[in-house]
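Same order as they appear, the protein sequences are chains A and B. With UniProt numbering as the guide, the letters of the first sequence map in order to residues 1 to 279. With UniProt numbering as the guide, the letters of the second sequence map in order to residues 1 to 279.
Some hints could be false.
Which copy is meant is left open, so a pair is good if it fits within one copy or across any two.
To be verified - Listed next, the in silico BS3-like pairs over lysine-lysine satisfying Cα-Cα at most 25 Å (straight line):
#1 Lys100 <-> Lys196
#2 Lys240 <-> Lys38
#3 Lys38 <-> Lys224
#4 Lys261 <-> Lys108
#5 Lys167 <-> Lys117
#6 Lys196 <-> Lys261
#7 Lys261 <-> Lys199
#8 Lys3 <-> Lys199
#9 Lys97 <-> Lys117
#10 Lys108 <-> Lys240
#11 Lys108 <-> Lys38
#12 Lys196 <-> Lys117
#13 Lys199 <-> Lys33
#14 Lys224 <-> Lys30
#15 Lys100 <-> Lys117
#16 Lys199 <-> Lys108
#17 Lys3 <-> Lys33
#18 Lys33 <-> Lys196
#19 Lys100 <-> Lys33
#20 Lys180 <-> Lys108
#21 Lys167 <-> Lys224
#22 Lys97 <-> Lys240
None of these hints come from the bench; they were simulated from the model.
Number of protein chains: 2
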Amino acid sequence: MAKRITDRLRLPQGPVDLASIPTDATPGFKGNKVEGQKALATLAPTLGELQEKLYAEGRTGGSRRVLLVLQGMDTSGKGGVLRHVAGLCDPQGLHIKAFKAPTAEERKHDFLWRIRKELPPEGYIGAFDRSHYEDVLIVRVHDLVPRATWSRRYATINRFEQQLADKGTTIIKCFLHVSKEEQQARLAARLDDPTKYWKYNPADVDERAYWDDYQEAYAAALEKCANDSAPWFVVPSDRKWYRNWAITNLLIEHLQDLDPKWPLASYDVDAERARLADS
Amino acid sequence: MAKRITDRLRLPQGPVDLASIPTDATPGFKGNKVEGQKALATLAPTLGELQEKLYAEGRTGGSRRVLLVLQGMDTSGKGGVLRHVAGLCDPQGLHIKAFKAPTAEERKHDFLWRIRKELPPEGYIGAFDRSHYEDVLIVRVHDLVPRATWSRRYATINRFEQQLADKGTTIIKCFLHVSKEEQQARLAARLDDPTKYWKYNPADVDERAYWDDYQEAYAAALEKCANDSAPWFVVPSDRKWYRNWAITNLLIEHLQDLDPKWPLASYDVDAERARLADS
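Turn these sequences into a full structure, and let the hints steer you where they fit.
This is how it looks when you write it as structure tokens:
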């Protein structure tokens with residue numbers, strides 16, 4: 001039996017050296033882009049049925065749910081995963097949230113306050129484009145709060161995620177791993193295509209000066225917050241088609257582990273048939 | 001040039017007689033189910049590009065947005081439209097809300113309070129599964145508030161929708177028109193398939209006793225709240241494939257009327273190219 005993508009991409013506990021993990025590999029997939037895109041399309045019905053079962057479970061008293069957390073450098077493809085992977089789901093059972101720089105209101109509260117408000121309801125698949133991890137990433141790189149504050153947050157995050165897991169949330173944390181060269185190429189592509197001008201932000205170039213600091217901050221977050229109840233997955237993301245295929249497989253495999261079942265009838269089926277026929 | 005679906009399905013102002021409008025017709029489409037499903041699939045790229053342009057506009061200062069309001073009897077397919085039509089959209093630019101019986105908190109406020117909270121943000125497509133119209137439908141049929149209260153709501157709704165339209169919201173109100181026999185068949189199908197048991201609610205059979213009252217309440221809502229800035233569309237919905245195809249066309253045609261454009265660059269493209277190359 002083929003090794004699961006979950007097992008291939010899960011970050012082992014211990015020291016993290018991102019530079020040693022390839023950004024352009026395709027673990028678990030032999031084939032090219034066209035084949036990868038076709039393979040993704042064939043996964044849609046499987047994902048759809050699993051999602052509907054989880055949703056049905058949630059509508060009939062179940063409390064389980066799934067939360068996909070997407071982190072990665074600018075252009076790494078967080079939005080692309082929402083479009084091409086979350087886009088395969090029935091939007092009725094999907095809760096998407098993109099976290100931007102915190103608002104004045106959000107800044108008045110602890111850093112998890114705005115996260116808690118966007119957790120997926122029972123039976124839903126939630127997907128976060130950025131997350132509470134920004135509070136140990138951009139915040140650390142740009143000294144937005146004192147070191148004493150952000151350095152405590154790793155433990156806070158671990159407790160928070162453990163609580164979520166204990167209450168039935170399956171957390172899938174994905175680091176979309178791209179190279180500095182690939183980021184440059186993607187930014188350049190936005191400048192070469194007028195339909196993509198709006199996606200380009202000059203500040204993204206400024207941030208490239210902090211590339212190494214970000215990689216260090218990511219390595220710390222991945223190392224300090226890799227635990228059994230909420231592991232990190234490092235997804236090689238220089239190839240968009242592989243990234244989408246791999247994360248779809250992560251979702252499917254986690255849903256298969258949950259193994260949601262179609263709810264039984266809570267009424268007498270034959271009696272209802274008779275009532276309906278008379279109605 | 002073929003007549004637009006918008007023009008074919010728009011309810012004219014004046015007295016409404018729902019019984020005279022076929023539930024199983026396919027206005028504007030010649031073909032069978034398989035052809036209809038294929039036709040729907042071919043619309044996806046067009047809808048996708050229009051949605052992305054609207055979203056891009058919203059991200060760069062635009063205030064326009066679209067709100068699809070879905071109303072109809074149980075089993076008429078409101079959820080199916082969310083799955084198969086809204087499901088064609090990029091979920092990043094989609095805001096879906098299913099309105100259930102109001103909570104204790106919601107009942108403390110006026111009936112539009114919970115609606116206002118769920119309006120789509122700038123650049124988004126919003127989709128409501130039920131809406132403020134429930135407050136002149138189930139509420140009227142079951143005397144949940146005095147007649148003097150619900151009878152004032154039609155005018156309140158018209159003012160509310162006019163305000164939304166004035167602020168840049170394109171409202172597309174769809175009545176999913178099914179026959180009483182088709183509803184019976186769809187409920188029976190849920191009882192014949194264990195993967196659909198969870199969708200069946202015995203109360204739905206009880207509600208069938210009020211079928212005529214609901215049709216009357218719908219006719220009143222459609223008649224009193226059909227105005228140029230937020231017209232009603234009566235979508236024959238006995239054929240699911242036609243319903244999905246027709247509503248997708250309504251969305252596309254309204255987006256084409258909005259004609260969103262890719263935003264211009266707000267920066268010097270050549271200068272950015274040079275900065276990026278050096279980064």
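We went through each hint and held it up to the structure:
1. Only within a single protomer do Lys100 and Lys196 lie at most 25 Å apart by alpha-carbon distance; the minimum there is 20 Å, versus 39 Å between protomers.
2. Taking CA atoms no more than 25 Å apart as the test, Lys240 paired with Lys38 passes inside one copy only; the shortest distance there is 13 Å, against 27 Å between copies.
3. Neither within a single protomer nor between protomers do Lys38 and Lys224 lie at most 25 Å apart by alpha-carbon distance, with minima of 37 Å and 50 Å respectively.
4. In this homomeric assembly, Lys261 and Lys108 never come within 25 Å of each other (Cα to Cα): the closest approach is 42 Å inside a single copy and 37 Å across copies.
5. When the C-alpha separation of Lys167 and Lys117 is checked against a cutoff of 25 Å, the pair qualifies only within one copy, where the shortest distance is 16 Å, while the shortest distance between copies is 28 Å.
6. Only between protomers do Lys196 and Lys261 lie at most 25 Å apart by alpha-carbon distance; the minimum there is 12 Å, versus 43 Å within a single protomer.
7. Within a single copy, Lys261 and Lys199 get their C-alpha atoms only as close as 41 Å, which misses the 25 Å cut-off; across copies the closest is 14 Å, which meets it.
8. Taking the shortest Cα distances, Lys3 and Lys199 never come within 25 Å of each other, neither inside one copy (37 Å) nor across copies (36 Å).
9. Taking the closest pair of Cα atoms, Lys97 and Lys117 come within 25 Å of each other both inside a single copy (10 Å) and across two copies (16 Å).
10. In this homomeric assembly, Lys108 and Lys240 never come within 25 Å of each other (Cα to Cα): the closest approach is 37 Å inside a single copy and 48 Å across copies.
11. Taking the closest pair of Cα atoms, Lys108 and Lys38 never come within 25 Å of each other, the shortest separation being 47 Å inside a single copy and 51 Å across copies.
12. With identical chains, the CA atoms of Lys196 and Lys117 are never at most 25 Å apart, being 32 Å at best within one copy and 31 Å at best between copies.
13. In this homomeric assembly, Lys199 and Lys33 come within 25 Å of each other (Cα to Cα) only inside a single copy, at 24 Å, whereas the closest approach across copies is 39 Å.
14. For the identical chains of this complex, Lys224 and Lys30 are neighbours neither inside a copy (32 Å) nor across copies (61 Å), given an alpha-carbon limit of 25 Å.
15. Taking identical chains as interchangeable, the C-alpha atoms of Lys100 and Lys117 lie at most 25 Å apart whether they share a chain (14 Å) or sit on different chains (20 Å).
16. Neither within a single protomer nor between protomers do Lys199 and Lys108 lie at most 25 Å apart by alpha-carbon distance, with minima of 30 Å and 42 Å respectively.
17. Taking the shortest Cα distances, Lys3 and Lys33 sit within 25 Å of each other inside one copy (21 Å), while across copies they are farther apart (41 Å).
18. For the identical chains of this complex, Lys33 and Lys196 are intra-copy neighbours only, at 22 Å inside a copy versus 37 Å across copies, given an alpha-carbon limit of 25 Å.
19. With identical chains, the CA atoms of Lys100 and Lys33 are never at most 25 Å apart, being 31 Å at best within one copy and 44 Å at best between copies.
20. When the C-alpha separation of Lys180 and Lys108 is checked against a cutoff of 25 Å, the pair qualifies neither within a copy, at 35 Å, nor between copies, at 54 Å.
21. Taking the shortest Cα distances, Lys167 and Lys224 sit within 25 Å of each other inside one copy (22 Å), while across copies they are farther apart (48 Å).
22. Taking the closest pair of Cα atoms, Lys97 and Lys240 come within 25 Å of each other only inside a single copy of the chain (21 Å); across copies the shortest separation is 31 Å, beyond that limit.
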